[in-house]
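> Here are the chains, one letter per residue:
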Amino acid sequence: MSEALPEFQLLAPASVDEAVAALGANPGALASAGGTDLIVRLRKGLSETGTLVDLGGIAALNDITPGAGGGLRIGAGVTLAALAKSAPLAEYPAIPRAVATVAGPTHREVATLGGNLCQDTRCVYYNQSHWWRQSNGFCLKYRGEICHVAPKGNRCRAAFSGDIAPALMVHGASLEIAGPDGTRHLPLAEFYHEDGAAHLGLNPGEIVVAVLLPPPGPVSDYAKVRVRAAVDYPLAGIAVACTQAREGARFTLAITGTNSAPMLVDIADALAEGADADAYFAALEKQVQKAVSPQRTSTLAPHYRRLSVSALAARLARQTAGFAPEDSQRPEP
Amino acid sequence: MKRIVSLEINGRTVEEIVPDNMLLVDLLRDRQGLTGTKQGCDGGECGACTVLVDGRPRLSCIALVAGCDGKRIETIEGQAKGGHLSALQRAFHENLGAQCGFCTPGMILAAEGLLRDNPAPDEDEIRVALGGNLCRCTGYVKIIESVQVAAAEMRS
Ligand SMILES: Cc1cc2nc3c(=O)[nH]c(=O)nc-3n(C[C@H](O)[C@H](O)[C@H](O)COP(=O)(O)OP(=O)(O)OC[C@H]3O[C@@H](n4cnc5c(N)ncnc54)[C@H](O)[C@@H]3O)c2cc1C
Ligand code: SF4
Ligand code: FES
Ligand code: FES
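Protein chains in written order, with my numbering: chain R, 1 to 333; chain P, 1 to 156.
Just so you know, these hints were derived from the structure itself, not from any lab.
Treat each hint with caution, since some may be false.
For lysine to aspartate or glutamate, the following DMTMM-like pairs were computed, each having C-alpha atoms within a straight-line distance of at most 20 Å [said to hold, decoys possible]:
(1) R/Lys85 to R/Asp63
(2) P/Lys71 to P/Asp122
(3) P/Lys2 to R/Asp54
(4) P/Lys71 to P/Glu8
(5) P/Lys2 to R/Glu109
(6) R/Lys85 to P/Asp42
(7) R/Lys85 to P/Asp117
Work out the full structure: start from the sequences and follow the hints.
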């Protein structure tokens, strides 16, 4: 037998209302979608619950439909395998590109968009077996007293490590959230908090129902720093969107893997036509270096993650604006 | 909580009373004696436990049996038909695609899922489809060649 899962009951609501009711009626209940984050956590003793509310049977969560004013509405239950193949989503290039880098192909068969956005934060002192963490006195995030990453601090620094959130953020995505008080909408960029132990802006009993995208437009791309070419979380990841405005090329950046929340970085100045592009991209790279604060939460040194994600940001910005790579000899990170 | 589930496993209908927290890998190995499905990492990281659920690859170590009610499960034991190895099994055997063999059932089922969907994958597509399956013996080149040989045979 495998290391046993804790005992729980599995409820299978058929509608969003039933799911919200089931979560409300069973305090401590957790929503479950593809289970590729949640079941692993339960097996390692990183979460506990007496009730799982399986969202997989709710047909209304599984559609990609035209949204208001030419945008898209993507159900939270759409699998990553389906997202990667979606024709309308190809108009938002960073998103399918980010989707294709999540975990491995077998995970993507069942992993969902909602689960990806709501996955737990990660840390080398936390994503370990029960006995490993026990021998280390657990940690502040769960069952312990101190943070092994920042022992003097009083909050968890575990890194948000989802690939898709930054790609959605540079395209201005928002969330449709259902809960005991009805439905509300929230820009995705405001959904996350810089706290590794409580990074999601979900109230008890709420679930993410859909992601709403405005009409496509910007040229965008996504890239991540990882050790292996497959099955690896982003040690840092960056999405860039470029819009051609009257004053020049405007860039919106979003970063994952370096902080407890994915972060949007707005580059205030546009790249005007005829301006010194090399200087502009060098300044953009510096701005990203300043914005991120990677911690010792992964096997790669924070300094390396800071420098590599900034270099990737500048590279993607050049590409999305149609510039040739600055130095094609620069090795891939 | 317990429930009765009905699954089709390698073409046979199976009814079982299972607890809600039972994993598919445990049903297959411990209740059904289908120990060809391997447990490598126990945490969704290695692909050794890959089986097909309704024809698509699935990690049985992080799949709940309760969520597979009514579904069609295929394991490595169901690949040979009438005493004949499947094209992929034979190709792995004849092209040194298996060394210790521990990753092989998962590799073959992930590859089977690929070839049903895409009978003529190029090398990159094979690499992507097997990207979640780790081989501790590291015989990846022979594994990819084995899939290519099987694909060619299945097309002819
Ligand atoms: C080996 C391995 C590698 C991985 N690599 C990556 C990677 O590179 N990049 C990456 O981003 N992820 C990675 N993951 C994590 C995970 O596979 C993905 O994030 C996946 O998209 C999660 O989706 P799910 O449907 O399986 O979520 P689940 O596991 O079902 O749920 C995840 C969390 O979200 C909550 N949740 C799910 N749906 C909703 C909803 N609609 N509303 C509110 N809460 C909800 C659940 O309660 C749970 O806490 C990896 C996982 C493994 C095992
Ligand atoms: S950052 Fe600190 S508190 Fe958070 S998981 Fe890591 S060790 Fe634990
Ligand atoms: S045993 Fe299931 S992925 Fe390793
Ligand atoms: S053949 Fe030994 S693990 Fe792959």
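> None of the hints should be skipped; say for each whether it holds.
Now the hints, each set against the structure:
no., hint, result
1, R/Lys85 to R/Asp63, "holds (13 Å)"
2, P/Lys71 to P/Asp122, "violated (30 Å)"
3, P/Lys2 to R/Asp54, "holds (16 Å)"
4, P/Lys71 to P/Glu8, "holds (6 Å)"
5, P/Lys2 to R/Glu109, "violated (27 Å)"
6, R/Lys85 to P/Asp42, "violated (29 Å)"
7, R/Lys85 to P/Asp117, "holds (13 Å)"
When held up to the earlier numbered hints, the structure conflicts with 2, 5 and 6 and fits the remainder.
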